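Enquirer: Heads up: the protein sequence lines correspond to chains A and G, in order.
Sequential numbering from 6 applies to the first sequence in our numbering.
Sequential numbering from 33 applies to the second sequence in our numbering.
Incorrect hints may appear among the rest.
Unchecked claim - To give an idea of the chain A side of the interface with chain G (calculated C-beta under 8 Å), a few residues:
{"#": "1", "residue": "Pro194"}
{"#": "2", "residue": "Gly204"}
{"#": "3", "residue": "Val207"}
{"#": "4", "residue": "Glu210"}
{"#": "5", "residue": "Val211"}
{"#": "6", "residue": "Asp215"}
{"#": "7", "residue": "Leu221"}
{"#": "8", "residue": "Thr251"}
{"#": "9", "residue": "Ala268"}
{"#": "10", "residue": "Leu289"}
{"#": "11", "residue": "Lys291"}
Quick caveat, the hints were computed from the structure, so don't treat them as lab data.
Predicted, not measured: the structure shown is a model, and the values here were computed from it.
All residues carry an ideal CB built from backbone N, CA and C; glycine is no exception.
Here is what each chain is made of, one letter per residue.
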Amino acid sequence: MSRTAPGFAQPAAHRIRGPAALALCIALLPLAFANNYYYEVAVLVGLNAITCVGLNLLVGYAGQISLGHAGFFGLGAYGSAILTARYGWPPLGALVAVTPGVAALAYLIGRPILRLKGHYLAMATLGMGVIISIVIATEDRWTGGPDGMSVPPLSVFGFTLQGERAWYWVVGGCLLLAVWLALNLIESPVGRALRALHGSEVGAEVAGIDSARAKLMVFVVSAVYASAAGSLAAHYSGFITPSKVTFFHSIELVTMVVFGGMASVFGAVAGAAVLTMLPQFLTLFKEYETVVFGAVMMGTMIFMPRGLVPSLATLFADRGPSKVPP
Amino acid sequence: MSLLRVERMSKEFGGVHAVEGLDFAIEPGAVFSIIGPNGAGKTTLINLLTGVYKPSAGRILFAGRDLTGRAPYEFAAAGMARTFQNLQVFFNMTALENVMVGRHLHERCSLAAAMLRFPSLARAERACREYAVGLMEFVGLGEHVGARADSLSYGALKRLEIARALAAEPKLLLLDEPAAGLNQTETQGIDALVTQLAARGVTVVLVEHNMRLVMGVSHEILVLDYGKKLAQGDAATVGNDPRVIEAYLGAGVA
C-alpha cells in the first residue's frame, strides 16, 4: 500500500475538522488576552489572514504569482472610505458596491497580464500594484493623498461596531467564512482544475481545462478576498494612509503565504499570524529587530522549505496517522 | 464518416519541416498506429492532432468539426484525450485526483456552487470519485487509490495517465509511447491494457516502438520518415513494404 496523502483519506471529514479547529482557536484565544492591545494585534492578524487565504488560492494552488495584491487591498479600503466618508453611503452598502467593482477591475487587468508566465507575470502584477499605489497617493482630492483620510466606523442597521473586542469577533467570523469558502473551492472540480494547471499546464489543457479562464477566475477571487479585507481594515482603523497599498505590503503578503506554506489554507492563516505578530515580539531586540526578523525568515525557509504548516504536517504524519488538513 | 481527417498538414520549426504535407483519416473503432524511426515526427504529429502545436499549414477535422488552430482544451471538449511520452502527471495531487481531473469536462460547476458546496455538487463529487476509483482498478492501480501521485513508480504513472485520459470518455484516445521506458513485465501489462481497450471498441491512436504490440493490435499503420508519410496500410502491407524495411534497417537489406 502506498503512502497516503495527508488529509486526503476523508475529504469530507477534514473540510469540517479544519474550520472547527480554527473556530475553537478563535473562540478560546481571548482567554489569553490580557488587554486591548492583544485584540488589536489579533484583528490585524485576521485581516491579513483573509487576504492571504485568497492570495494563496492564486499563488499556492494555481501556481501563479501576484506582487500587486496590496493594490486590491488598497482599492477595497479606499473604495469603502471614499463612498462612506465623501458620499455618506452606509458602510455595508459601500462594501457590497466596492467588492464587485474591484472584481471587475481585476478581471480587466487580469485578462491581458495572466497570459504571462513566471517572472513576466511577477513584473506585470508588480507594475499594476505600483500604479494603484501611485494613483491613491496622488489623487488627494479623493484619497487625502499621503496624509490619508478618516473613515467612518462600520455600522450595520443602526448598530455601530466599535472597540477591539467587537471587531475581534467580526473579523474572526469573516476569517472562518473565508477559510470555509476556500476549502470548498479547493475540493471542487474548479479547485482541482486550478491545482492541475499548477502541476502541468499542458496536462490540464488536454483534460479540457481552459487554463486562461481558470487563472483569470482565481485572480479575480483572490482580488475579492483582498478587497473585502481592505474594506474591513479601513472601517476598523478609522483612518487609512497609502502605506498599506505599497509594493512592500504586496511583498509582505506573498511572504506570509510562502512562509506559512503554499497550497495550504491553514498555512496562509499561520503565515499571516506569525509574520504579523513577530515584529511585535521583536521590539525586544530594539535596533536589531529587522536583523532577527530576517534571520527567522531565512531559517524557516532553509529548514522548512515547504513552509510552516506543510512541513510540520509531514513531521507529524510520519509519526502517526495524519490529522492535518490541507 | 471518418472520426478524424487530416488534410495537407505541415509543421515547421524555424525552417525545419517536422511534419510535411500529411493526409490521412481515422475510422471510428479503429486502432491507428503511427510508427517511424526516431526523429520521424511522431510526437510532433500527436501534438498537432491534440492542439498542443498549431499546424503551419493544413486542416484537422474531428467529429465533423474543423478544429485547426484551436486550443488543446477545445480539442479535449470535442472528444480527444491523450497521454504523454514524457509524463504530464499532476504531482501536486493524489493519484485519484489526477483521474478525477480527467472527468473535468463532465463535472463542470459554477464558482458559486463550488465555494458554497451545493448539495448537488457534493453528490456529483461522490459519483466522480467512484468513477475514478473504477478506472484506477481497470488500469491496475486499484491499490494506489489513496496514494499521492509523486509516490507512484514510473510504470504506475504511465497507467495513471491512461486512466486520466479514459476518465474523459473520449471519442479518440491518443497514446504517445505508453510502453516507453518500461521493463519487459510492465510492457506486457501495457500491451494487455491497449489490447483490452481496442477490444472494447475505443478508437485509439497509438505511437509505439514496440512492434509486437503495434502489429498485434493495429487496424491501420502510418509509417513516418522525416515528417513525411512513407507508407500506410494494415500490418501485413506495411510489414512487407521495402521502403519501410529500408527506413528501419538501412539501405541494402531490402
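Enquirer: Decide, hint by hint, whether the structure agrees.
Expert: Taking the hints in turn, this is what the structure says about them:
1. The closest approach between the C-beta of Pro194/A and any C-beta of chain G is roughly 4 Å, which is under the 8 Å cut-off, so the hint is satisfied.
2. The interface hint given for Gly204/A is met, as the beta carbon of that residue sits about 3 Å from the closest beta carbon of chain G, less than 8 Å.
3. Nearest Cβ of chain G to the Cβ of Val207/A: about 6 Å, under the 8 Å cut. The hint holds.
4. Given hint, Glu210/A at the interface with chain G, holds; its Cβ is 4 Å from that chain's nearest Cβ, closer than 8 Å.
5. Given the 8 Å rule on beta carbons, the hint for Val211/A holds: about 5 Å separates it from the nearest Cβ of chain G.
6. Against a cut-off of 8 Å between C-beta atoms, the interface hint on Asp215/A holds, since the closest Cβ of chain G lies about 5 Å away.
7. A least Cβ separation of about 11 Å between Leu221/A and chain G goes past the 8 Å threshold, and the interface hint is therefore violated.
8. The criterion of a C-beta within 8 Å of any C-beta in chain G is not met by Thr251/A, whose closest approach is roughly 30 Å, and the hint is violated.
9. For the restraint placing Ala268/A at the interface with chain G, the shortest Cβ-Cβ distance is roughly 7 Å, inside the 8 Å limit, so the hint holds.
10. Taking 8 Å as the C-beta contact cut-off toward chain G, the hint placing Leu289/A at the interface is violated, the least distance being around 39 Å.
11. Residue-level restraint check for Lys291/A is violated (minimum Cβ-Cβ distance to chain G is 42 Å; threshold 8 Å).
Of the numbered hints given earlier, the model fails hints 7, 8, 10 and 11; all others are met.
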